[in-house]
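J.: Chains P and G are the protein sequences, given in the same order.
When we follow numbering that gives the first Met the number 0, the leftmost residue of the first sequence carries the number 0, and every step to the right adds one.
When we follow numbering that gives the first Met the number 0, the leftmost residue of the second sequence carries the number 0, and every step to the right adds one.
Worth flagging that the hints you see were computed from the coordinates, not collected in a lab.
Every residue gets a Cβ at the ideal spot worked out from N, C-alpha and C, and that includes glycine.
A couple of the hints might just be wrong.
What the hints assert, rightly or not - Interface residues of chain G toward chain P, partial, derived using beta-carbon atoms under 8 Å: (1) D161; (2) R179; (3) H315; (4) V319; (5) G323; (6) P331; (7) E339; (8) D341; (9) M346.
As the list claims (entries may be wrong) - EDC-like, lysine to aspartate or glutamate: derived pairs with alpha carbons at most 16 Å apart: (10) K259/G / E297/G; (11) K179/P / E226/P; (12) K91/P / E8/G; (13) K242/P / D341/G; (14) K91/P / D67/P; (15) K146/P / E183/G; (16) K119/P / E151/P; (17) K179/P / D229/P; (18) K179/P / E151/P.
Now for the letters of each chain:
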Amino acid sequence: MNAPTGSIASYNFAYLDEQTKRMIRRAILKAIAIPGYQVPFASREMPMPYGWGTGGVQVTAAIIGPHDVLKVIDQGADDTTNAVSIRAFFQKVANVAVTTRTDEATIIQTRHRIPEQPLKAGQTLVYQVPIPEPLRFLEPRETETRKMHALEEYGLMHVKLYEDIATHGRIATTYAYPVKVEGRYVMDPSPTPKFDNPKMHMSPALQLFGAGREKRIYALPPFTRVESLDFDDHPFTVQTFDKPCALCGAEGVYLDEVILDDRGGHMFVCSDTDHCESRQGDGHRGQQEGTFR
Amino acid sequence: MYVAVKGGEAAIRNAHRLLADRRRGDPAVPALHPSQIVEQLALGVDRVMAEGALYDRDLAGLALMQARGDMIEAIFLVRAYRTTLPRFGYSLPVDTGAMQIERRISATFKDLPGGQVLGPTFDYTHRLLEPELAEGGEPPAPERREVAAEASPRVTDLLGHDGLIEPDGNGDGEVTDITRTPMEFPLPRDGRLQALARGDEGFLLALAYSTQRGYARSHPFVGEIRIGEVEIELDVPELPFPAPLGRVRLTECQMVNQFKGSAKAPPQFTRGYGLVFGQSERKAMAMALCDRALRAGEFGEDIVAPAQDEEFVISHSDNVQATGFVEHLKLPHYVDFQAELDLVRRMRAEQQEATDIKEAAE
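Take these sequences, add in the hints, and give me the full structure.
T.: As structure tokens, then:
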């Protein structure tokens, strides 16, 4: 499979050579077979910096075909600079169709959010992951955390959550909130706000996680049980916002705070730009209607 | 009125145009050609080749120019190119003992076969700025040795002859390839040395320095540093002899460290090894000190210092990884920050409420 002749003819379709793609696909298959388990893979240098989505980009490059429709979001938005840059990369090296519409995409690469619109069977959500190891900040050594996963020894994580409650009266983890997959592996959902954790549970879409710098891939096959860790007397809850989106009036969605002036003026708007625009297209209006764009 | 930020594509395009303009600098000053960088900033080019892990002077020179002289950016450019190149085999181990030597010094023996050769070194220059350089002019032609000198066997081989230093393996067997298999700790020594060879010079220098200041002291002597060209050979099954591919310039440092022995084995010196593309003694020496420090477990030494901690050293020595992750903090984190902001506000409100109730009660 070669790139169409033109400006980038010297690179393979989707940048990576086919041997590398095969290696990544093998890792993905293994990850799907053991949900939540971090599979080491021989991550490559990519033409964008480590920490800027190289894991997600490698996963996408390994699974994308000429007929896929790609959506890339960062912070829920299609127009943030790094999302624009990654989308442009795949347009250039794979010449695929791109979209901002969640329901039109076959592959959605994301950083820090899960779209508000529920995903369907046949869609794949590719997460960019900075630190795949949920235990890393409790135990920095890979040699140790590997053992802890193998022995299902997750007491340390519960102690950490308990200490949060003792200090702050609640679990003070607001993003990258640890989950347990199919009752076995504790997994880092990537730094999505915990608001998005319930969307991972029993999702009909395939969810793939790529950590390029840390050289790990993990996965949630469709309809996987994903439970956020909690205690009986401190059950897991998600963030709520006092006001609806100022642009589309949506409630029960994740909002970004925008500072309007230096006198404390601020407003809240949807973090998922596609969701917000679709709602506005359907005639929904928030308090500050008609000012978007 | 709030208008959402749009037009990321145009902003990125404009940023790249401005970058190209700033890279060129004042058009009244003649533009550089990469060949000038290759010839005249050769040690910078060497570092880009070494940490970029690709021996190609022209590409490294181009990368340095494109990166406006930013070393790590240039190293990154070379790495990102390297990773797309097909692999057709592994060369045979190079024989540094047969090196065409340009510089060779030993700190352990005053004189030895092959002699001490200073070569092109800054070592005994007085660090006085030379304004004449700005005025141009050509330096006098260098002195040349009349005939090829006698062979220069490696100092460690001379010591090894008498069993005074630990043996060094025979180069047989499968070689680890950290670019093709995921790194898993603990690493074999060849994998560790590969990681160190492409590791950041500054990071390894600081760690090496720490071992000299008592954080995992290893009593090192520079057995030998040699710089010069070696032949690269590839075993091709169709050919009865190894096929020569070309020559590369290398810097090798053999550090001779404190002896080990036991009731059963007589004492022997131990090794720390450094090998770097191009000319870089600083990097080769730092690498050799780090290599020895990382062998602590092998010799039953207590692991007490950062330089001895394999996972710590190797996980953080790659400057392309390090710069990517440190600099990714400038990417948007609105969503995570919003989550934290919300929590802090809620906790502050609760505390205020508690204070108000308490005050009302008093």
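J.: Work down the list of hints and note, for each, if the structure agrees.
T.: Hint by hint, here is what the structure shows:
1. D161: violated (38 Å)
2. R179: holds (5 Å)
3. H315: This interface hint is violated because 11 Å lies over the 8 Å limit.
4. V319: This interface hint holds because 6 Å falls under the 8 Å limit.
5. G323: holds (3 Å)
6. P331: Result: holds, 5 Å to nearest chain P Cβ.
7. E339: This interface hint holds because 6 Å falls under the 8 Å limit.
8. D341: This hint holds: D341/G lies near chain P, its Cβ roughly 6 Å from the closest one there, short of 8 Å.
9. M346: Status holds, d = 6 Å.
10. K259/G / E297/G: The given pair, whose Cα atoms are some 11 Å apart, holds under the 16 Å limit.
11. K179/P / E226/P: This hinted pair holds, its Cα atoms lying about 5 Å apart.
12. K91/P / E8/G: Holds: K91/P and E8/G sit about 14 Å apart, inside 16 Å.
13. K242/P / D341/G: holds (13 Å)
14. K91/P / D67/P: holds (14 Å)
15. K146/P / E183/G: Roughly 13 Å between the alpha carbons, so the hint for K146/P and E183/G holds.
16. K119/P / E151/P: violated (32 Å)
17. K179/P / D229/P: holds (10 Å)
18. K179/P / E151/P: holds (11 Å)
In this structure, the hints that do not hold are numbers 1, 3 and 16, in rising order.
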